[in-house]
Amino acid sequence: MPELPEVETVVRGLGPLLLGRRLLRVEARRPDLRWPLPADLGVRLSGARVQALARRGKFGLLSTDRGDTLIFHLGMSGRIRVSPGSPHPHDHVLFAVEGGTVLAFHDPRRFGAMDIARTDALGRHRWLAPLGPEPLDPALAPDHLARAAAGRVLAIKSLLMDQRVLAGIGNIYAAEALFRARIAPARAAGRVAARRLIALQAALADVLAESIAAGGSSLRDHARVSGELGTYQLGFRVYGRQGKPCPACGRALRLSVIGGRSSVHCTACQR
DNA sequence: ATGTCCACCTGCTGGC
DNA sequence: TGCCAGCAGGTGGACA
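For the first sequence, the working numbering begins at 353 and goes up steadily by one.
Mixed in with the good hints there might be a few duds.
To be verified - Computed spacing ranges between beta-carbons, pair by pair:
| hint | residue 1 | residue 2 | range |
| --- | --- | --- | --- |
| 1 | A391 | G451 | 36 to 42 Å |
| 2 | V609 | D384 | 41 to 47 Å |
| 3 | G611 | D417 | 30 to 36 Å |
| 4 | H440 | P388 | 19 to 25 Å |
| 5 | R377 | G611 | 23 to 29 Å |
| 6 | L371 | P436 | 46 to 52 Å |
| 7 | R543 | E580 | 38 to 44 Å |
| 8 | A491 | L571 | 21 to 27 Å |
| 9 | P441 | G399 | 26 to 32 Å |
These aren't lab readings, by the way, just hints derived from the structure by calculation.
Built from N, CA and C at the ideal position, the CB exists for glycine as well.
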């Protein structure tokens with residue numbers, strides 16, 4: 353899925369299509385994704401004008417002039433695509449926009465989710481309230497991660513992917529940031545030196561920013577709203593490259609399982 | 001509290 | 001060529 357850079361790319365792609373425009377008709381074609389869709393989804397969004405688009409962690413946020421915000425998560429396989437003709441299978445929610453555009457929330461595995469909250473109470477929503485800070489927030493304390501890691505026995509990679517610690521990091525960017533910071537992903541978080549965690553947090557911001565600039569990573573499912581693919585997968589140094597040479601030292605990269613997620617790292621460079 | 005494991009769902013791929 | 005086990009960008013809940 354879509355991790356932070358992919359969701360950011362999707363949200364940016366929606367701007368020109370939606371900002372200031374009215375949603376003529378919003379229609380759910382099934383009652384649920386991962387969880388039930390709000391029963392009043394269509395009623396609350398149809399006829400409303402889109403005022404703002406934003407991202408928080410891996411959630412996209414679409415706010416209307418009625419004081420509502422649609423919160424959406426793309427799960428593992430979610431995409432939003434311009435849907436010119438009749439809906440494809442797995443186009444679960446359709447948005448007909450003033451001006452003729454039709455957008456489809458497309459999600460074969462249905463791990464995605466949607467909800468609607470009042471915009472003035474967004475921060476209290478159960479999906480958003482637990483989220484940690486944004487890793488690209490310029491105001492983020494450089495030692496935020498170092499503080500979160502103190503005393504933790506959990507693998508540093510699992511800690512990075514905990515949305516309560518930092519919002520938006522998933523399996524790809526955790527692996528890439530750990531490689532850049534030369535930290536072994538299975539190392540207990542509390543046993544990584546603070547200065548190395550500060551470097552890790554900086555490496556993470558670099559990787560995320562580079563990926564956003566490339567339109568995110570397109571593996572199986574991610575694409576921009578336009579259908580154009582992101583290209584950051586071409587820049588992966590370790591993710592998905594098990595058995596291939598480490599870009600730094602040439603040794604074969606190793607695959608392991610950490611916290612139930614596959615992980616790739618260099619046993620020589622990462623300690 | 002903390003950490004680990006599993007289920008949820010569909011589609012694709014690599015090995016036979 | 002065809003079949004199918006295994007795996008995929010996430011995450012909440014059950015359990016030790």
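For each hint, the structure was consulted:
1. A391 <-> G451: 36 to 42 Å: Violated, at about 28 Å.
2. V609 <-> D384: 41 to 47 Å: 30 Å, violated
3. G611 <-> D417: 30 to 36 Å: 42 Å, violated
4. H440 <-> P388: 19 to 25 Å: Since H440 and P388 have Cβ atoms about 22 Å apart, the given range 19 to 25 Å holds.
5. R377 <-> G611: 23 to 29 Å: 42 Å, violated
6. L371 <-> P436: 46 to 52 Å: With a Cβ separation near 21 Å, L371 and P436 fall outside 46 to 52 Å, so the hint is violated.
7. R543 <-> E580: 38 to 44 Å: Holds - the Cβ-Cβ distance for R543 and E580, about 43 Å, lies within 38 to 44 Å.
8. A491 <-> L571: 21 to 27 Å: 32 Å, violated
9. P441 <-> G399: 26 to 32 Å: Holds: the Cβ-Cβ distance is about 28 Å, inside 26 to 32 Å.
Of the numbered hints given earlier, the model fails hints 1, 2, 3, 5, 6 and 8; all others are met.
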